[in-house]
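Going down the list, the sequences are from chains A and B.
Every number in the numbering used here is 6 more than the matching position in the first sequence, counting from 1.
Every number in the numbering used here is 312 more than the matching position in the second sequence, counting from 1.
Honestly, I wouldn't trust all of these hints.
[Claimed, not checked] Derived SDA-like pairs (lysine to any residue); straight-line CA-CA distance at most 20 Å:
#: 1; chain 1: A; residue 1: K73; chain 2: B; residue 2: T516
#: 2; chain 1: A; residue 1: K73; chain 2: B; residue 2: H484
#: 3; chain 1: B; residue 1: K439; chain 2: B; residue 2: T516
#: 4; chain 1: A; residue 1: K73; chain 2: B; residue 2: T384
#: 5; chain 1: B; residue 1: K439; chain 2: A; residue 2: K73
#: 6; chain 1: A; residue 1: K73; chain 2: B; residue 2: S364
#: 7; chain 1: B; residue 1: K439; chain 2: B; residue 2: L359
By construction, these hints were calculated from the structure, which means they are not laboratory data.
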Amino acid sequence: MSVIVCHACDLAHRLDEIAPAARVRCVRCRAELYRTNAARVDTAIALALTALVLFIIANAYPLVAFKVNGTTRLATLTGAALGLYDQGYATLAVLVAITAMLVPLTQILAFLYVLVPVRVGLRAPGQEALFRVLAAVRPWGMSEVFVLGTIVALVKLSAEAEVSARVALIAYGLLMFTLTALASVTPTEQFWQWISRRRR
Amino acid sequence: MSMSVTGQSLGLLVCTRCRATLRAVAAAEQRCPRCHSPVHVRRPHSLATTASLVITAALLYIPANVLPVMRTHTFFSDQDDTIMSGVISLAHSGSWPVALLVFFASIVVPLLKLIALSEIVIAVARKSVRHPQQRSRLFRLVEFVGRWSMLDVFAMSLLVALVQIQSLATVHVRPAALAFAAVVVLTMLAAQSFDERLLWDTQTRG
């Protein structure tokens, strides 16, 4: 028998054991005390690898095309950040680059760095630091907001000119779903169970 | 509620990063044995930090909404757009659902966050014992919707990148866009620096 304290209201709960595939809430404030699932490390690694491929495609090709009077302009993800930089708004450019590109990439790489060694029974050096990085960047990853923002821009322009979504936007949309799935199979408690259950 | 036993009363701490429960020791700085994050009984200076960030964001909310965030140069004219005029022109071009979405994400959500966080900060400062459940729920809603206000910043970044046809039309960012982005970031930081347990501490003292 052990005790688990709620991180949101400090209420102490008696706990027999951490249940597999469960979502346990605080009896007083309803905050999630822990969540575990039946997913295997392999699932998380597969999702992270998928996300990496989609991330590369989303960065390598144009997101949207804008056609007016026979001239076509293409915008890439980096182009969106650089456009702000060129107009003297470096802060905004950095904010867009961090939330739409850097955080998703950090998440993908950090998960792979920690989970691939777990899969083969090893321990990644500095895995605690990587976990803290993952926890700190999580609120700042805004891939789904970016996708919607792109759609808003397309709608605004469609009144004046011919606009179309390109391959990178589709890749980015799929990246958004993959990252959501990755987050849902790697809740904090599950993450630590994988790490502590390694073979050696 | 009078039966509630808290971690604090048992000499137990919880790591707010990885949510491990640990025994409190009398040390200046304690670290979580699982993820090595610093652990505190309550986050230091939480209320003051949240309050200062909310006040700063509230001040910036005014220029963010009153001043233009974007300028469109065309062959015929220059047009300045505020957040609201952008919403109105979207509605005029017939995209009602998108106009509504931008209205909620850019105007309603930041305002709601400022009001909700102020209410929560004032309640904690006055040691209010009522409605901790509702305030907790409100706080989690603020945490959940916060990021969606970045919508307009992303839309703007694409407009700037796309509409650069010198002879025909160009889109330029105006300084109020910075104030707008600052409101989003500061309110997110305000929510992150708030220790939710402060809402519940009044429940066990009486």
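Structure-based check of each hint:
For the hint linking A:K73 to B:T516, the alpha-carbon distance of about 64 Å lies beyond 20 Å, and the restraint is violated. Straight-line distance between C-alpha atoms of A:K73 and B:H484 comes to about 19 Å, which keeps the hinted pair within the 20 Å bound. For the hint linking B:K439 to B:T516, the alpha-carbon distance of about 12 Å falls within 20 Å, and the restraint holds. Taking the CA atoms of A:K73 and B:T384, the gap is about 17 Å. The hint holds against a cut of 20 Å.
As the CA atoms of B:K439 and A:K73 are separated by approximately 59 Å, the hinted pair breaks the 20 Å bound. A hinted pair counts as satisfied when its Cα atoms are at most 20 Å apart, and A:K73 with B:S364 does not qualify at roughly 46 Å. A distance of roughly 12 Å separates the Cα atoms of B:K439 and B:L359; the hinted pair therefore holds under the 20 Å criterion.
Of the numbered hints listed earlier, those contradicted by the structure are 1, 5 and 6.
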